[in-house]
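Residue numbers (our numbering), protein chains in the order written: chain H, 254 to 398; chain U, 254 to 398.
Please keep in mind that the hints were generated in silico from the structure rather than gathered at the bench.
There could be a bad hint or two in this list.
Which copy is meant is left open, so a pair is good if it fits within one copy or across any two.
Said to hold, decoys possible - Simulated crosslink set (SDA-like; lysine to any residue; CA at most 25 Å straight-line):
1. 314 <-> 345
2. 314 <-> 359
3. 268 <-> 327
4. 349 <-> 325
5. 314 <-> 330
6. 347 <-> 307
7. 347 <-> 370
8. 349 <-> 312
9. 347 <-> 308
10. 314 <-> 377
11. 349 <-> 321
12. 268 <-> 359
13. 314 <-> 352
Treat the numbers as computed from the prediction; the structure is a model and nothing was measured.
Number of protein chains: 2
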Amino acid sequence: MQINDVARVTGLTPKAIRYYEAQSLVIPHQRASNGYRIYSRENLDHLCFLQHARAVGFSVKESGHLLALYADQANHSASVKALVAEKLSQLQQKRKEIERLEATLTDLWACCDGQENSRCAILDRLATAGFDTNFPRDSKEADNV
Amino acid sequence: MQINDVARVTGLTPKAIRYYEAQSLVIPHQRASNGYRIYSRENLDHLCFLQHARAVGFSVKESGHLLALYADQANHSASVKALVAEKLSQLQQKRKEIERLEATLTDLWACCDGQENSRCAILDRLATAGFDTNFPRDSKEADNV
DNA sequence: CTTGACCTTTACCTAAGGGGAAGGTTTATT
DNA sequence: AATAAACCTTCCCCTTAGGTAAAGGTCAAG
């Protein structure tokens with residue numbers, strides 16, 4: 254199987270497949286005499302694994318780590334479950350941050366009437382939000398202002 | 254005011270301030286004879302604006318766009334409000350995607366008992382999820398596998 | 001024999017700076 | 001005076017996860 258076929262089957266792009274190879278995650282089983290990459294069924298299996306791990310939110314490096322645990326014959330239930338739990342906690346944190354931004358932006362959105370007849374309140378609030386204008390007016394380097 | 258003072262007041266890093274300058278967003282009012290950047294009160298105001306725009310989720314480019322509207326004397330309420338609405342919609346989309354990942358990962362997390370005594374179900378599900386194993390077993394290039 | 005569809009490597013691009021090198025100023029201390 | 005601390009400058013490489021060419025080799029079909 255050469256790279257385009259693997260791409261079609263796995264849903265990855267050839268570039269992504271080469272990238273995972275550059276990261277030493279999936280090395281093609283062999284090279285044809287013309288230099289073309291040739292993939293084994295195991296290669297394909299591993300690339301699918303990576304695709305799925307990426308699809309549920311793991312980074313490439315993390316996916317590679319999971320792949321190593323998968324390829325290893327030993328049992329790694331605890332480590333894997335811990336990785337999933339950590340990723341879940343990261344996602345929760347990300348979601349909370351997004352919710353915070355949503356709340357702030359909704360607030361900002363509401364404070365401007367959207368009519369072109371007055372100074373936009375959003376801009377003014379972005380300019381002043383929580384900033385006390387303690388510019389050094391009388392300091393010794395005032396002439397450098 | 255030189256760059257470190259501005260950094261302290263705005264909460265930005267000197268590196269970020271130089272970066273915004275490289276993006277032509279805030280050019281220091283003048284340079285001292287030794288080449289040091291000297292910032293005016295307007296510079297400071299604009300850097301604060303950028304900091305706040307960044308803090309509510311806008312990219313640097315978007316923040317620069319908003320800053321241009323802010324610095325312009327004309328009224329831009331409608332455009333600004335539209336930009337905020339678009340950013341809100343992007344955030345909603347991002348949040349929905351995160352919620353989807355959270356659901357999937359919660360599912361995965363639950364399917365493994367976390368004991369080291371059995372093959373991890375998470376790994377197995379990552380390996381097979383939705384993938385029909387149609388590897389070309391009898392195709393003409395089967396010897397290349 | 002040439003066209004089109006493959007494949008290869010190389011290198012530059014993205015966002016938003018972080019980290020550090022190499023070097024020039026000024027200030028404070030010895 | 002000499003030197004060290006604390007500034008400042010520019011320049012370059014690093015990060016994610018590949019995308020997008022460029023330049024060139026290979027292969028099957030018309």
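Checked hints:
In this assembly of identical chains, the alpha carbons of residue 314 and residue 345 lie at most 25 Å apart only when taken from the same copy (20 Å versus 27 Å across copies). In this assembly of identical chains, residue 314 and residue 359 lie within 25 Å of each other by CA distance solely across copies; the values are 21 Å between and 36 Å within a copy. For the identical chains of this complex, residue 268 and residue 327 are neighbours neither inside a copy (31 Å) nor across copies (47 Å), given an alpha-carbon limit of 25 Å. In this assembly of identical chains, the alpha carbons of residue 349 and residue 325 never lie at most 25 Å apart, being 36 Å within a copy and 34 Å across copies at closest.
Proximity of residue 314 to residue 330 under the C-alpha cut-off of 25 Å is restricted to the intra-copy arrangement: shortest distance 19 Å within a copy versus 44 Å between copies. For a Cα distance limit of 25 Å, the shortest separation of residue 347 from residue 307 qualifies both inside one copy, at 17 Å, and across copies, at 16 Å. In the homo-oligomer, the alpha carbons of residue 347 and residue 370 never lie at most 25 Å apart, since the shortest distance is 38 Å inside one protomer and 33 Å across protomers. Taking the shortest Cα distances, residue 349 and residue 312 sit within 25 Å of each other both inside one copy (20 Å) and across copies (19 Å).
For the homomeric pair residue 347 and residue 308, the shortest alpha-carbon distances inside one copy (17 Å) and between copies (14 Å) are both at most 25 Å. When the C-alpha separation of residue 314 and residue 377 is checked against a cutoff of 25 Å, the pair qualifies only between copies, where the shortest distance is 19 Å, while the shortest distance within a copy is 43 Å. Proximity of residue 349 to residue 321 under the C-alpha cut-off of 25 Å is found in neither arrangement, the shortest distances being 31 Å within a copy and 30 Å between copies. In this assembly of identical chains, the alpha carbons of residue 268 and residue 359 never lie at most 25 Å apart, being 39 Å within a copy and 31 Å across copies at closest.
For a Cα distance limit of 25 Å, the shortest separation of residue 314 from residue 352 across copies, 22 Å, qualifies, whereas the shortest one inside one copy, 27 Å, does not.
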